[in-house]
Amino acid sequence: MTELMDNPYQVGQRLRHPQFGEGLVVEVHTDRGREMLEVVFDGELRRLSAQREWEVVSPDAPATDRAIAESSSRVWHAQSDRLLEVWQRGTAAPAGRFELRAEAERWAGWAGSDRLVSLDSLRGVERFPHQIRVCHKVMRDLNGRAILADEVGLGKTIEAGIVLKEYLLRGAVRTVLVLVPASLCEQWRAELWEKFELDFVVSRGPAGLWGRHPLVISSLETARHERHRRRVRGANYDLVIVDEAHRLRNHLTLGWKFINDLNPGYLLLLTATPVQNDMRELYNLATLVRPGTVGTFTQFRRDFLSGHDKRSPRNTPRLRVLLESVMVRTRRTETNLTFPPRKVETLWVTQTPSERALYRQISEFVAEAVRGETGAPGRPHYFTLMVLQKEMGSSWAAACSTLEHLSRSPDGLDPRKLKPLAARAAEVSTSPSKVRSLLRCLAGLGGEKAIIFTQFRRTQDTLVAALREQGIEPAVFHGELGWREKEEVLEHFRTSSQVLVSTEAGGEGRNLQFCRIVINYDLPWNPMRVEQRIGRVHRLGQLHPVRVINLVARGTIEAYVLEILDRKIKMFELIVGEMEEILGAWQPHGSFEDEIFKRWTESANARVRKRHFTELGQHLLVARRLYQQQKDLQTLLYPTLGKDSE
Amino acid sequence: MSPARTAKRPARTAKRRAPAAVAVKPVHVSSELPAEWRTFVGRWLEDASCDVKDAARGDWEIGLSATLQKQWRRQRVRLVFDPQRPTLPRGAWFTAPGSGAGRKLLEVAAEHPEFACRTALAHVPGAPEDGFASVCRVRGLTWSPPRLGPVHYERRISIHSVVTRWGGLPWQEPWVLLMGADGRFLEWDDGLDIPGVRTRDGLYQITDAPSDEQRAEWMAHARGHLDRLLGERVAEWEQAVAAQRDDELMRLGGFFSSRIEEEEERLRRRTGSSDEGDLEQGDAKSLKLEWERRTAEVRHRWALRTEVRLWGVVEWSWPVAQLEQELRTGAVHVRLSGPVDVARGRPAQPACPNCARPAELLMRTHGSVGCEHCA
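Chains as they are written, first to last, in the numbering used here: chain G, 1 to 646; chain W, 1001 to 1375.
Calculated from the structure, these hints are not laboratory results.
Keep in mind the model is a prediction, meaning the values are calculated, not measured.
Glycine included, every Cβ here is placed at the ideal spot set by N, Cα and C.
Hints may be right or wrong, so weigh each one.
Some residues of chain W that are not near chain G, with every Cβ distance over 10 Å (derived) [to be verified]:
{"id": "1", "residue": "Leu1064"}
{"id": "2", "residue": "Lys1070"}
{"id": "3", "residue": "Glu1114"}
{"id": "4", "residue": "Glu1129"}
{"id": "5", "residue": "Thr1142"}
{"id": "6", "residue": "Ser1144"}
{"id": "7", "residue": "Gln1172"}
Selected chain G positions facing chain W (in silico; Cβ < 10 Å) [to be verified]:
{"id": "8", "residue": "Asp81"}
{"id": "9", "residue": "Glu105"}
{"id": "10", "residue": "Pro264"}
{"id": "11", "residue": "Val321"}
{"id": "12", "residue": "Ser325"}
{"id": "13", "residue": "Lys486"}
This is chain G alone, in the form it adopts within the complex (with noise of 0.2 Å):
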């Protein structure tokens, strides 16, 4: 591409045709010696001669001219007019009137950019000082494109809501589309109406929702898909939020090249690991959000690569500085945020001998049976078989229940083996050790509060009867109560009983804050449920140290999960979403559970199983290393806005 020096015409400038309308002057060069230009009218491009004179509209012009034009675009509010009636019908307001029509300007309007109107309508949201620092930045200087790149547990999510309710409340955006991985849809839609009372619908199934409701939440997948792209595209959304972002690092993949391709006016990309492997990945988000700003792929090359390596950055003060053009990341040392201490506690159980090989004898049936047709990956009695192990490791009251339920329909498994087996359970399942640890573990704290979580209502019942043999009465939580009901325990459980035995439903988004331990009678083997149950009660608010005992009785499966979790990662030290981050790191290698289901029923002693777990702790053990180098390579890279000032 030439420039021609004697020619008053320059790329970017914007022209205006008397037949077109006004361009934008995309080359200029020459054509077997004449001078030409193309230019872009309404999606169409032309070539125009250099030579004549075209109308150039300057992006110099000054302020007031520009003002004058665009004074065309002022709005008198149909409102105006009516008030002329109302005046010439003569009634005037009786005395306060006007004073309370002009509050009720006050409290409509919002003045500035200062205040967030937004905030006021959130329920049951802890709002931080850096959020908000973070939605001034995102809607004042970067106008609505930008990454949002904050650690882990910080609110990416509150904050992004915040920045869209604000466009929603201020009219800038009618329509957005949040795209969200699959599994979170529901989630996602739960907590933009709870908190910010946003009704959003999933769009799904063959036909969508695009543009017949204007706020909707799908999954990148879907969204993108070739059914529905054309589709998407024409509902013309405002503002386009992308959760777990980093989905888009790869330019090369179909979900960049459809947002790239969306380009909505308003963009938010929610990760807080724009780059893994290749600093290539960071290029490609800051691209996506505002292309340019770190220039071509060729220039941020030569400009921000070390030679060859792909994940060394050079020249990062200045790269800093661009950056802060399309990214805010708030790092958890800046805020305020304070966390009391966990204290963690492996309450080792005792079993009996009859337990023991109980234990032993399931576990072999559902090897042998997951081994076999009948349960293996995909079969029916999969999943039942899986549930089975857990519940061994929860109560024999819950496997009990199983064993009997299979005895009863084996379909394909041995009922001969099925019915002796429930039998010894039931026998079990009256003196099992594991509640007599933990009616010695209660009687040990003294009176104070504590939460029981256990995967399972079966094993919560006979929790709650063993208590009540004791004289504790505890307050019951589970997800099949109603809402009145839901409240009604947790007030219980805040005002007069020291215990509350809950289910996973255990009160997700509740303030349990005034109880400080956590009991977990059986352990999950998702380190995401476990990371859950604790975050009921070690979360923002928390004034006391946390403690955290864990039940788990040796040779079980929980025993290994423990083993890993613990002792390999440290998961318990992690913050809130670490972990999170850390399986994601892993999950090329399918769900966790699985894993270790599959680990555990493939191990045909002691000795090779120690050896199965052994490796996938280290498996975790990289990717935790992994994550940390993120980390590091993260706070070295990008721009942050300084620390809380209280």
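Chain G is already provided as a structure; the job is to place chain W on it using the hints.
Just chain W now, kept in the frame of chain G:
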């Protein structure tokens, strides 16, 4: 192992303290609603003939008026004001300025424009003790004591409006404009009400009602004044957003022109480079079209649009008086007079005896008294 034996053996616990993340200190931003909001909601509901009753946990149980029943299609509603309440009773409304229910309520509250008649109460004293000296400096001259004439009431009109700007972050400002009875512009403020005036409802001092034509004329004047003020404000806004918009356009231009250049260079060389995967996708033509598309999007995003909503008008009876005061120097005695805004106890600048323009400074000039322009 028997239960008895198990009971004797103490449970082995492996205690380990994880490092404390940080010290304990709650820092969250207060999430409580302003108390005035609740007061406003209560006052408005009562004004709208609703029946407001206290309910448990600080909620209100509202029996809606017939009009609101029709509008909201329900007879009663429970209002919840606590932003920390995780769940709401069935059918209850969480009422905050930005919540759905809050907006619903405010929509009705701000639905109709309002007209009021008011009297501006006189300030005591009606004029400052030093008279014009408070607003006009003198050089080589002395002010004699001022004399305040009788207070009379004149009609003034205030127009109350809200100006909204789109382009960049949408912005809203309440404006109030004060005009004289002849439609001339007196003052403007970016607030909901005229500042520094104590008011009383009712037009007690002026008996004649203006005609419809006169009111229409005032409205036309008001629109003219607002148009002019808005023009100035838009120029300010334009300056504020221009830097950001032009920066974005420039960056976009630089990016696409470089990409087009790279693409053309690649085509010229027509070599299969090992870095092929690193190069941007798309041919030069589609890049040119995309450039224009994105430029249009940026311009659209930053385009300024304004909307003026006039929501209220007040006919004022405004206390004014004439202030007389002499300026002396040697044998020269000049008597000056000018109006005083008695509502604020503030005189206007006196007119220059020579050129009749409002004078900020008076001095001796050629044996007489004049302002700095005349000097």
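Cross-check of the supplied hints:
1. With a least beta-carbon separation of about 17 Å from chain G, Leu1064(W) lies farther than 10 Å from that chain, consistent with its non-interface assignment.
2. Distance check for Lys1070(W) against chain G: the nearest CB is about 20 Å away, which clears 10 Å, and the non-interface claim stands.
3. Distance check on Glu1114(W): its Cβ comes as close as 4 Å (rounded) to a Cβ of chain G, failing to clear the 10 Å threshold; non-interface status is violated.
4. No beta-carbon of chain G is positioned within 10 Å of the beta-carbon of Glu1129(W); the least distance is around 33 Å.
5. No Cβ of chain G comes within 10 Å of the Cβ of Thr1142(W); the nearest lies about 45 Å off, and the non-interface call holds.
6. Every beta carbon of chain G lies more than 10 Å from that of Ser1144(W), the smallest distance being close to 42 Å; the non-interface claim holds.
7. The claim that Gln1172(W) is not at the interface with chain G is violated, since a C-beta of that chain comes within 10 Å of its own (minimum 5 Å).
8. Hint status for Asp81(G): holds, given a least beta-carbon distance of 9 Å to chain W, under 10 Å.
9. The interface hint given for Glu105(G) holds, since its Cβ lies 6 Å from the closest Cβ of chain W, which is under the 10 Å cut-off.
10. A distance limit of 10 Å between C-beta atoms decides the matter here; for Pro264(G) the minimum to chain W is near 9 Å, and the interface restraint holds.
11. Hint status for Val321(G) relative to chain W: violated, with the closest Cβ pair at about 14 Å, above 10 Å.
12. For the restraint placing Ser325(G) at the interface with chain W, the shortest Cβ-Cβ distance is roughly 9 Å, inside the 10 Å limit, so the hint holds.
13. At a threshold of 10 Å, the smallest CB-CB gap from Lys486(G) to chain W is about 8 Å, leaving the interface hint in force.
Hint compliance for this structure: hints 3, 7, 11 are not met, and every other hint is.
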